[in-house]
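Student: Sequence:
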Amino acid sequence: MNDAATPKPRKARTARKKAEPVVETFREEVGPTELYDPLVRSELKKAAVWIGMATLVVALVWLAQPILLIIGGLVLAAMFDGGARLLGRILPIPRGFRLTIVVLAVFGFIYWTFVFTGSELAAQAASLQTIVERQIETIGNQIAAAGFNISADDVKGFGSQILNSVGRVTAAVTSVVGTLTNMAMMLVLAIFIAAEPRMYERGVAWMLPLAEREHFYGTAEKIGRVLRRLMAGRLLGMAVEGFGTWILLSLGGVPMAALLGILTGLLAFLPNIGAIVSGALIILVGFSAGVDVGLYAIFVYFVVQMVDGYLIVPMVAKRAVDLAPALVLGAQILFGALFGVLGLALADPIIAMIKVALERQSERNEARAIRQGP
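At position 28 of the sequence shown the residue is numbered 28 (our numbering), and the sequence of numbers has no breaks.
Just so you know, these hints were derived from the structure itself, not from any lab.
Careful, some of the hints might be misleading.
Straight-line Cα separation of at most 20 Å, EDC-like style, residue types lysine to aspartate or glutamate; simulated pairs [claimed, not checked]:
hint, residue 1, residue 2
1, Lys222, Glu196
2, Lys355, Glu221
3, Lys355, Asp322
4, Lys222, Glu359
5, Lys355, Glu212
6, Lys222, Asp322
7, Lys222, Glu43
8, Lys222, Glu201
9, Lys355, Glu137
10, Lys355, Glu366
11, Lys222, Glu133
12, Lys222, Glu212
Label pairs and their calculated CB-CB ranges [as the list claims (entries may be wrong)]:
hint, residue 1, residue 2, range
13, Ser42, Arg368, 19 to 29 Å
14, Thr138, Asn365, 52 to 62 Å
15, Ala211, Gly52, 35 to 45 Å
Every value quoted in this text rests on a predicted model; they were computed, and no experiment measured them.
Yeah, the Cβ is synthetic: ideal placement off N, Cα and C, and Gly gets one too.
With these hints in hand, go ahead and build the complete structure from the sequences.
Tutor: Shown next as structure tokens:
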């Protein structure tokens, strides 16, 4: 018989079996960290949502300046796009060429402002600060002479406090380097967005659910239309106020008419607050040259503001978005206190965009309610 077929001794197998380790079996039980309780899972989801919202708010606070720069780029892009559309009514050429003409015109105006009027405006700006300080001191002395317990230093301190209370990030945007850097970033961002608006619009829509994309496209189109009309009206108002003030003050012999005209035009971008600041500067400089010139400066200010308020603003409101003056002023105060000069400048467009989005959502909810029925 073959040895391979011979069974091994029973005793050897038994010994090897006893040498093997004995594995004890036991039943796994649920530990204290297992989240099988539906209540615990629900509460954890709620907590995660609240923590995420708090994190988002903190991120928005820390990133307020870059977010405002992006919004400013969007506003400038809407202005470039509006200029290209308006130019298309005159020149039937491709949109890229029209946009290039608009951008070159903007840079040409900036170059002309800094090169041809830079030296004169710089000298006038230095004189303007001296005149304003002297006039404020004179007003303080007159108030004190009238018997009020207010000194000239108190009036000067009050004026400085008003100018310095614009917001916590004012220092980052009021310096020359900061302003030029922010403007350069917004201009570059606006050019990129205006060159390919559909690409960025589709990119944002791609991150939304399919059911929300049609609503997003409609809202984005309406926001763009409102911004174009709002900014077109704003530019028209700036041009009318700036050149009108410049010409009328020059005819009346008011000092620094060119600088006051440019400042009035730039400050016209800020409804309500801009008019107050420019009016104060015009009146102070006017009275520095005499009572007659000061009264004429007051007349010029009211004429320009009446033309803008009763002719341009109503025309823009009919074609753009109807924003209540108190709402705009409240938004400017809030955004100026929170985000500084840049927030003050962008308060009006931001409120307009928020209003359009809310109106679109209200229309959507109304349509859903009609479909569902009572």
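Student: The structure should be examined with respect to each hint, and the outcome stated for every one.
Tutor: A quick look at each hint next to the structure:
1. A hinted pair counts as satisfied when its Cα atoms are at most 20 Å apart, and Lys222 with Glu196 qualifies at roughly 18 Å.
2. At most 20 Å may separate the alpha-carbon atoms for a hinted pair to count; Lys355 and Glu221 meet this at roughly 14 Å.
3. At roughly 9 Å between alpha-carbon atoms, Lys355 and Asp322 fall within 20 Å of each other, so this suggested pair holds.
4. About 10 Å separates the Cα atoms of Lys222 and Glu359, which keeps this hinted pair within 20 Å; it holds.
5. For the hint linking Lys355 to Glu212, the alpha-carbon distance of about 19 Å falls within 20 Å, and the restraint holds.
6. Restraint check: the Cα-Cα separation between Lys222 and Asp322 comes to about 14 Å, which is no more than 20 Å; the hinted pair holds.
7. Proximity of Lys222 to Glu43 is assessed by CA-CA distance (about 39 Å); at most 20 Å being required, the pair is judged violated.
8. At roughly 13 Å between alpha-carbon atoms, Lys222 and Glu201 fall within 20 Å of each other, so this suggested pair holds.
9. Annotation: proposed proximity of Lys355 to Glu137 is violated, straight-line Cα distance about 43 Å (limit 20 Å).
10. Taking the CA atoms of Lys355 and Glu366, the gap is near 16 Å; set against the 20 Å cutoff, the hint holds.
11. With a CA separation close to 46 Å, the supplied pair Lys222 and Glu133 exceeds the 20 Å bound.
12. For the hint linking Lys222 to Glu212, the alpha-carbon distance of about 16 Å falls within 20 Å, and the restraint holds.
13. As the Cβ distance of Ser42 to Arg368 is approximately 27 Å, the hint placing it in 19 to 29 Å holds.
14. Here the CB-CB span from Thr138 to Asn365 is close to 58 Å, well matched to the stated 52 to 62 Å.
15. Between Ala211 and Gly52 the beta carbon distance is about 22 Å. The supplied range of 35 to 45 Å is therefore violated.
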